[in-house]
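Asker: Sequence:
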Amino acid sequence: MLKSEVEIVTRKRMNLVGYSVEASLNDDVEGAIVAGLREKLASRIAEISQRVDRSMMLVQVYPDCDWTPDVTHTHIVAVEVNQHPPAAPEGMIVHIVPEGRFLRFLHQGDEGDIDATHAAINEWLDLNGYTDAREYDIERWEELDRLDKADNVIEIYVPIS
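Letter by letter, the sequence shown follows residues 1 to 161 in full-length UniProt numbering.
Hints were generated in silico from the structure; no laboratory data involved.
Cβ atoms here follow ideal geometry from the backbone N, Cα and C, with glycine treated the same way.
Just so you know, not all the hints are guaranteed correct.
Claimed, not checked - Just the calculated beta-carbon pair ranges, DEER-fashion: (1) Ser55 / Val6: 16 to 26 Å; (2) Ile93 / Lys12: 16 to 26 Å; (3) Ser43 / Asp132: 30 to 40 Å; (4) Trp67 / Arg146: 38 to 48 Å.
Generate the whole structure from the sequences, applying the supplied hints.
Answerer: See below:
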């Protein structure tokens with residue numbers, strides 16, 4: 001469920017270390033691809049030094065086209081690190097999110113219901129004049145063991161100019 005509070009925030013550059021895969025939303029829904037990457041990263045989390053906090057992030061990078069659930073895009077499941085330049089353990093990738101301004105939305109509830117929140121965000125963006133196609137968005141998962149709980153909160157960041 002999309003909570004009503006929407007903020008404009010500035011985030012510093014984020015150095016991320018984790019895993020990346022190319023897949024459509026439908027592929028992810030059918031194969032639990034992102035959940036698998038999250039579990040894989042959690043199993044190797046001790047190998048990543050200088051983590052900023054306990055959270056994980058999902059960065060979804062979209063191609064420049066009309067998006068549908070069948071469009072293949074990049075899913076990055078990662079943790080933020082303080083290292084500059086960041087170092088990635090073998091088999092992992094580094095991804096940099098540049099400093100910028102973002103709209104910060106909050107999803108409350110089971111992560112399995114987040115698609116409805118993303119639909120509500122898209123509607124909010126259209127109604128409020130944010131009609132440019134976005135290159136990416138970010139979900140920040142604070143407590144991985146609470147993702148299926150009704151009081152779980154996931155931060156969603158949408159970049160703005």
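Asker: So the hint says 16 to 26 Å: do the beta-carbon atoms of Ile93 and Lys12 match that?
Answerer: holds (20 Å)
Asker: Against the range 38 to 48 Å, how does the distance between the Cβ atoms of Trp67 and Arg146 compare: consistent or not?
Answerer: violated (29 Å)
Asker: If you check the beta carbons of Ser43 and Asp132, does the distance land in 30 to 40 Å?
Answerer: holds (38 Å)
Asker: Does 16 to 26 Å hold as the CB distance between Ser55 and Val6, or does it fail?
Answerer: Holds: the Cβ-Cβ distance is about 20 Å, inside 16 to 26 Å.
When held up to the earlier numbered hints, the structure conflicts with hint 4 and nothing else.
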